[in-house]
Amino acid sequence: MPSPPLLEVDDLQVRFPTPAGPIDAVSGVSFSVSPGETVAVVGESGSGKSVSALAVLGLLGAGRVAGGSVRFRGEELVGAAPDRLRRLRGADIAMIFQNPMSSLDPLFTVGDQVAEALREHRRTPRRTAKARAVELLREVGLPDPERRVRSYPHELSGGQQQRVMIAIGLACEPALLICDEPTTALDVTVEAQILDLLRRVQRDHGTALLFITHDMGVVSELADRVLVMYAGRVVEHGSVAEVLGAPGNPYTRALIDSIPTPATPRDVPMPAIAGSVPHASDMPSGCRFHPRCPRVHDRCATEPPLHDIGPGRASRCWLHAAGTAGSTVAGVRGVG
Amino acid sequence: MTLYVLRRLGYGAVVMLLVTVFVFVIMRLVPGDAVSLQLQDTGVSAAEADALRADFGLDAPVWTQLWLWLGDAARGDLGTSFYSGAPVTELFLERVPVTVQLGLLAMVIGALLGVAFGVVAALTRGSLVDGGVRLFAVAFLSVPNFVVALLLLTGLAIWFAWSPPIVYTGPGEDVTGWLQQIAIPVLALGTGGMAAIARMTRSSMLESLGSDYIRTVRAKGARQRTVVLKHALRNSTTAVLTLLGLELATVLGGTVILEQMFAIPGTGQLIYQAVLDRDYPVVVACTIFYAGLFVLTIIVLDLLYALVDPRIRTGKALS
Ligand SMILES: Nc1ncnc2c1ncn2[C@@H]1O[C@H](COP(=O)(O)OP(=O)(O)OP(=O)(O)O)[C@@H](O)[C@H]1O
Ligand SMILES: [Mg+2]
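Chains as they are written, first to last, in the working numbering: chain A, 1 to 336; chain B, 337 to 655.
Don't read these hints as lab results, they were simulated from the structure. Where a beta carbon is used, it is the ideal one built from N, C-alpha and C, also for glycine. Some clues are possibly wrong.
According to the in silico footprint, chain B covers these stretches of chain A (three or more CB under 8 Å from chain B) [said to hold, decoys possible]: (1) 7-20; (2) 135-146; (3) 233-242.
Restraint-style ranges between C-beta atoms, simulated for each label pair [unchecked claim]: (4) B/Val636 to A/Gly67: 15 to 21 Å; (5) A/Ala62 to B/Pro501: 20 to 26 Å; (6) A/Pro294 to B/Arg470: 17 to 23 Å; (7) B/Gly467 to A/Pro4: 28 to 34 Å; (8) B/Leu345 to A/Arg138: 57 to 63 Å; (9) B/Gln560 to A/Glu75: 20 to 26 Å; (10) A/Pro17 to B/Val636: 41 to 47 Å; (11) B/Val636 to A/Gly79: 47 to 53 Å; (12) B/Leu477 to A/Ala81: 36 to 42 Å.
To give an idea of the chain B side of the interface with chain A (calculated C-beta under 10 Å), a few residues [unchecked claim]: (13) Arg389; (14) Asp391; (15) Asp395; (16) Thr460; (17) Ile550; (18) Arg570; (19) Asn571; (20) Pro601; (21) Thr623; (22) Arg649.
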């Protein structure tokens, strides 16, 4: 690592109260993001990607960080004063969300909502903030920004709304932009445009991206490093080229196999992974993936640790332990 | 926008006409008329009574009476009271401000307190304060306003040996006297609305506070004040506005009983007495007033709705 990390998450544990007792949505998650870097977080629905990201910003709502630490530029954020966290949000770490339509306040113009991101952090005269909002909207490629500042969210398309969200995120030039599945709600051509925009933003401003997705295709296009999550745990991490090229973990393998390729026949169902992510209240003992794993064996009854399988690379699977042949699972296909 | 208002006013006029005709006819179907009630036990002969009826125009068939009355009303003449002989319009205009003051104060106080309590309850969700607000809200919702008034009256009399002045003085003559007199009725009228609005505000604030757009506002690093008062509260107002319309009906109905109880000379008292006396012209005029007030309020609320929510403004609703 050339530069010290911007964000360091270490052994994070997030607990939610539920009527049936507290559940740990995320446990023992560690990762880091360096300045200007793009780290992708992948995993099926319910694996704890959003919860991990929201924990960084202190936006868990009913949940709380029950253990571990989150450091931003070396400063501990777990247990930091609420006002300190507030000042950090938007200004240093911004976040955009999956559903742009519901993520914008329907009662205010988009210009208002962009300008607000500035005015909540800096004493900015209303006129200046407004002018800057127009500039930001132009930068994110909203057509006719002078007129569009006065539009309400419902007057924009989904892609335009997400551009507005990005403009809000960029308002204070944050060092880190967290994107929680920013293109899941958009159609494919719009998705490509938004990804282009994010790439350009990153190049122009040197913003680090923490990019949550469950689309392996997006990972390979956008990210430097990737973190694979399953059922509240990190199961594999490493550089994108290595992880996608030679996945160490059977779960990563299965995720990669479920990417449709142009050769995938249209009428055959996607080779999705059989079964579903277990809920935190009903965690299988041992390896959390073992009920669905094609390479399940005796040792999976106890949970494997993250094995280092290369520089900056680790995988949580007994297959890497000494005595087990082969450190990658290249031959394994997902079951469909 | 203007077209919309005009159209709503047109609908309103039709509603008022229908209500008027309905009350006009119903009143005449109720047994007993003004003449027989007035002349009870006076020993006046049937022939004389009939002559009086003819004088009031009560001998003609109902539809003829209605037709004649509508003709007069179109010229701005709402008739004269069978009792005092004074023109109804005059009688009426004297009393309208009293009821409007009473009702408006009750609605405004109820709305402000209701919203305040609702916001506090939502922000302290699950706490003792929240529980208290919810308990009182249910209590006030289930107790009729005249009972609240009686309880207040009795409580103040027993514990503080205080009771409101008996003789009504307008706010122009004696403000403190007026305030003392209307305090209990205003509170009694307002509490029901306050309770309903507090509950509604609480639940829509909670919904709003858990929404995606509030998460965005928080992710911007907005101050708590901005989150709560600008975004969450504003998004809760549409629900509250809807309630205010319903509240008006309760408040106006309440004035009829409470004005009677507290000797407040407003339209509520007027209509109450007029119904007992079968003073048809007065009853009909009061009905028009209440219906008109209601129609106007609904239009104003609709406009406020559009003012708050751009989705309604740009939608088809107002074209
Ligand atoms: N407010 C909450 N209360 C209780 N449990 C929660 C809450 N939020 C999240 N969880 C639990 O945390 C787990 C992880 O949720 P999370 O939203 O992080 O998944 P995700 O990986 O982002 O999935 P998706 O791809 O669907 O966004 C889920 O099993 C969910 O049940
Ligand atoms: Mg998510």
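The hints, checked one at a time:
no. : hint                             : result
1   : 7-20                             : violated (count 0)
2   : 135-146                          : violated (count 0)
3   : 233-242                          : violated (count 0)
4   : B/Val636 to A/Gly67: 15 to 21 Å  : violated, 55 Å
5   : A/Ala62 to B/Pro501: 20 to 26 Å  : violated, 53 Å
6   : A/Pro294 to B/Arg470: 17 to 23 Å : violated, 53 Å
7   : B/Gly467 to A/Pro4: 28 to 34 Å   : violated, 49 Å
8   : B/Leu345 to A/Arg138: 57 to 63 Å : violated, 44 Å
9   : B/Gln560 to A/Glu75: 20 to 26 Å  : holds, 22 Å
10  : A/Pro17 to B/Val636: 41 to 47 Å  : holds, 44 Å
11  : B/Val636 to A/Gly79: 47 to 53 Å  : holds, 50 Å
12  : B/Leu477 to A/Ala81: 36 to 42 Å  : holds, 40 Å
13  : Arg389                           : violated, 60 Å
14  : Asp391                           : violated, 61 Å
15  : Asp395                           : violated, 61 Å
16  : Thr460                           : violated, 15 Å
17  : Ile550                           : holds, 8 Å
18  : Arg570                           : holds, 5 Å
19  : Asn571                           : holds, 6 Å
20  : Pro601                           : violated, 43 Å
21  : Thr623                           : violated, 38 Å
22  : Arg649                           : holds, 9 Å
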